[in-house]
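Asker: Respectively, the protein sequence lines represent chains Z and H. According to the numbering used here, the first sequence is numbered sequentially starting from 1. According to the numbering used here, the second sequence is numbered sequentially starting from 1.
Because the hints were derived from the structure by calculation, they are not lab data. Note that beta-carbon positions come from the ideal geometry of N, C-alpha and C, so glycine has one too. The hints are all genuine.
When the alpha-carbon atoms are kept at most 25 angstroms apart in a straight line, the in silico DSS-like pairs for lysine-lysine are as follows:
#1 Z/Lys17 to Z/Lys491
#2 H/Lys336 to Z/Lys682
#3 Z/Lys491 to Z/Lys23
#4 Z/Lys734 to Z/Lys723
#5 Z/Lys631 to Z/Lys17
#6 H/Lys336 to Z/Lys413
#7 Z/Lys591 to Z/Lys157
#8 H/Lys335 to Z/Lys734
#9 H/Lys336 to Z/Lys723
#10 Z/Lys734 to H/Lys336
#11 H/Lys301 to Z/Lys734
#12 Z/Lys723 to H/Lys335
#13 Z/Lys82 to Z/Lys585
#14 Z/Lys682 to H/Lys335
Looking from chain H toward chain Z, a few residues come up when the C-beta cut is under 8 angstroms (computed):
#15 Asn3
#16 Ala120
#17 Ala126
#18 Ser236
#19 Phe308
#20 Leu312
#21 Arg315
#22 Gly316
#23 Lys335
#24 Lys336
The residues making up each chain are set out below.
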Amino acid sequence: MPSYIGTATSRVDGRAKVTGTAKYAGEFGASDLVYGAVVESTIPKGRIVRIDVSDALRVDGVIDVLTHENRPHMAEAPGAWKDEVAPDVGSPFRPLYDDIVMFNNQPIALVVADEWETARFAASLVRVDYERAAHATDLYAVRDTVRDLQKPFKSSKPRGNASAAYAAAAVRHEAEYYIPIEHHNPMELYASTAVWNGDGKLTVYDKTQGVQNVQRYLCSALGLSSDDVRVMSEFMGGGFGSGLRPQYQVVLATMGALKLQRSVRLVLTRQQMYELCFRPATIERLALGATTDGSLESLTHEAIAVTSHYEEFARDDTTWADGLYTCANTNYSHKVARVDLCTPSDMRAPGATTGVYALESAMDELAVALKLDPIALRLRCYSEREQGEDLPFTSKALRECYREGADAFGWDKRSPEPRSMRDGSELVGWGMATGVWEALQVPITARITLTANGHAEVACATSDIGTGTYTVMAQVTADALGLPIESITVKLGDSTLPQSPVEGGSWIATSIAAAIGTTADAVRAELLRRAQQMPKSQLAGMSPDNVTLTNGKIVSKQNPSHSALIADVMRHGKMDRIVQETTAKPNDIGKYARNTHSAIFAEVKIDEQLGIIRVTRVVSAIAAGRILNTKTGHSQIMGSVVWGIGMALHEETLIDHRFGRIMNANVAEYHMPVNADVHDIKVIFVDERDDIINPLGMKGLGEIGIVGVAAAIANAVYHATGKRVRDLPITLDKLQR
Amino acid sequence: MINFQYVRANDVADAVRHIATDPTAKFIAGGTNLIDLMKDDVERPSRLIDISRLPLNTVEETTDGGLRIGALVPNSDLAYHPLVQSRYPLLTSAILAGASQQLRNMASTGGNLLQRTRCAYFYDTATPCNKRTPGSGCSAINGLNRIHAILGTSEACIATHPSDMCVALAALDATVHVTGPDGERTIMFADFHRLPGDTPQRDTNLRPNEIITAIALPAPRFVTNYSYLKIRDRLSYAFALVSIAAALELEGGTIADARLALGGVAHKPWRDTGAEAALRGQPANQATFTRAADLLLRDAKGFEHNAFKIDLARRGIARTLTQAANGTPQSQADKKVR
Ligand SMILES: Cc1cc2nc3c(=O)[nH]c(=O)nc-3n(C[C@H](O)[C@H](O)[C@H](O)COP(=O)(O)OP(=O)(O)OC[C@H]3O[C@@H](n4cnc5c(N)ncnc54)[C@H](O)[C@@H]3O)c2cc1C
Ligand code: SF4
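This is chain Z alone, in the form it adopts within the complex:
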């Protein structure tokens, strides 16, 4: 029997996706389907004084216009709107709740019509008078209003005395770094189709990273009974964190369906997606003090990030050094400043992508000040234990990442002086950085249905946001049941399936693998029990641990000639299927730090005269335990590296702060890398055996790949040019300043 775990198994849903049979939220129909279009505010802050929908209603084909004045009932209490991943502090946005405008392009009405074009046209006819209020959208403009988190992170307590140690340090580096607002820009537009099944029952096809989260949210916010709403999301064209929280279109579509008692589809435009959520703009201040040999004496990392006026969104930017470097004196602080935009959200490796960019840029600057090779500095400070809580790691093969990455890159041929390497008219720069992320596991439930014909279905309400969840679930189930992968059907993305949290934080693959493992154990135990009831059973007296399932048989481990055909067992037991369901919780492994690590190496070539930057090579060496699927895993890392290139050189949401409006809300003017910007990317998975973290020794790969990439590129740009650009993205004009 082949083993699938650890192999480059192709996506089991690949064919459905490329042939178009995979259906997305905006593609489901119903015989009574009507279409919604959103009207948005054109001011960033204030009140709607008058909203005139009469012209819109007069358009032929328009069925209704929902506003805060005529919408169906919704919960008043902010708590009723808190989804599973809502910030603890604040009151979530309630679409069409009242006349208050809290951000520009806020949804303020939903036009429903028998054709989408009609709805959209009518939406342009809704006339709104506002009473404006003073607004601010620029982090720098509100910097002096910054405040401490109302709900501080657990881990941020200071160690030693960072400022005294900094003052006394032989070599120091202090600087401020800036990351602008960035947007997720998944390919699939946000969409919901709320299908009215009659009798107040709804099936809502939604683009989301968590169907059960959306299901509970809709029931609570709109006062529906749990039995009446089913949420489906079998396929998702990219999420990156933007689909962790329910987005407003699902509320509007569902409200429309409730009010009209018919099916409503609402697909947002690309422009509208820029007011759903984003990575917060962040100012990061780093102060590093070291001895002349490069031992860190003092580390201060302070972050100020934007959040909305109505919620406190914050992800820890500042404590990542604790998983990387020893330092006795540290001070970490994360603060927020409120702006008149919608609430920011998680976006691939939230906190780390921004915080580690700043930390690893600062480490590079310190290495320059110390005249030390950047890797040597990191090895000098290498921590064998997590510093914040002083814990051992379940595993940390970061040294191997540095070594294998450096070897593959040819780092030893680097000449340390900036501007010392060139290729004709181009300056060549080599930079590196470290990455770190968490290896999380969450409680999740899997159900396996094994049928007598040798087929198994594995089911869980989780999502596949493009990461390959279908495939890893099939792999793990096939191995656990000893079946070929073709005999496995995976069911997910349906709120009626066994429990799952949202898919995010790189935790699903590991968690669901554990749950499939325990469920398959239960299937095996049940099969064995039944087999032992057969006359003259060869398996009599054996315990489940003594047998395996392979090739349609239950086989004794000690004596493989002792076995029973699963089909026979089921026939004898007069069963056509065995169904088992178990929940796997993060195993209690005691006090350990659980992290993935990486080392990234980047080569840039920069035209000396014009400042045009090309990222010609990237090597990313990843330590993430056992890799479940080297093919989908490789894709995760490669995509992350591409995104890191974008973060370093291209991505920036441009806001005109006078109007409080996003001015590049489209994928032509919001730049991300295109093929020409992406060259050689090498992904290395270093061997990292982890016997502690979970039985499979797995860690998760969804986010680690982006962490540190922007720093490696920024450091390479410095090495090429001698110019340190500390505000992203590094565009060519900044090299001329």
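For chain Z, the structure is supplied; the task is to place chain H with the ligands on it using the hints.
Answerer: Here is chain H with the ligands on its own, set in the frame of chain Z:
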């Protein structure tokens, strides 16, 4: 989107008849710009006159040794046309520097001339913009103006014309053939696009009731010493911050004739015959190139976010002239600057 009527023109005369009778109508060719503008509610034509099937899709040699390019020849077809590749390689290069393959497949020659600016305020009806709503004000002058013009701006508008192809057409002395109710006329390329002045709503001197039928190129020149260099925020699929079309005729080391035009810096493809004159008769060296660049940029004026363009253009001009002089034109496939 607002409902509109759709008609398909049978021939050029039919197209002109349609547009002449309905001042709120618009021609549609590839639609790559017009449809976006309609979705954004910037253009609200009551009627679309589909000209995409008119027989204006051929590239033909003319009696004076030049080429006549039908207004509906797709940008891709034009770039890869053997006569263009061999005789007007500067034009091929400029076209391939623009947009993406998919867009170039759809975009027409005539539509490329008439594409609107990429100024973000122009596309956002919630903000003031003199080009969209005359008299409402220019949001860019004191706003996000990193991609805006440094030459020929006015108090009313500082937008750029975003085309790459047109920069090469300006350098190559093209003429625009148009037909209106009163018959045909030709417009010199330099006179086709306008500076904003106090009427930024008018991009060109094409009359509202005229159709572009063809672009004519004179007999080929500058086949060896030319280059099109586009400087942008990513290596492909981005509009130019500055682009430069340079073409030289060399006699020994001396410049016998020169063409120099810039994109991304003004409300029109910016050709400067004064700078060209300063190149003529001079040795093809850095001093000459820099002098020409300085001359071209003598009146350049930067705004809050785009002042860097002046120096960038200066260095870009010298570089592109060097590429042209060396006979090493910029490749549009390999993004390394030669
Ligand atoms: C994302 C994106 C990126 C782009 N990047 C670039 C770039 O880097 N460089 C570049 O040069 N261009 C770029 N373009 C612009 C593209 O080249 C133009 O949109 C295209 O050339 C327009 O041609 P079309 O046939 O599609 O015009 P349409 O959209 O059909 O028409 C545009 C205008 O021209 C009018 N019109 C069309 N044909 C005629 C005619 N024969 N006579 C009279 N009026 C006519 C129409 O009425 C309309 O007003 C980009 C476009 C997009 C959307
Ligand atoms: S630069 Fe021109 S197009 Fe842009 S806002 Fe000003 S007037 Fe409008």
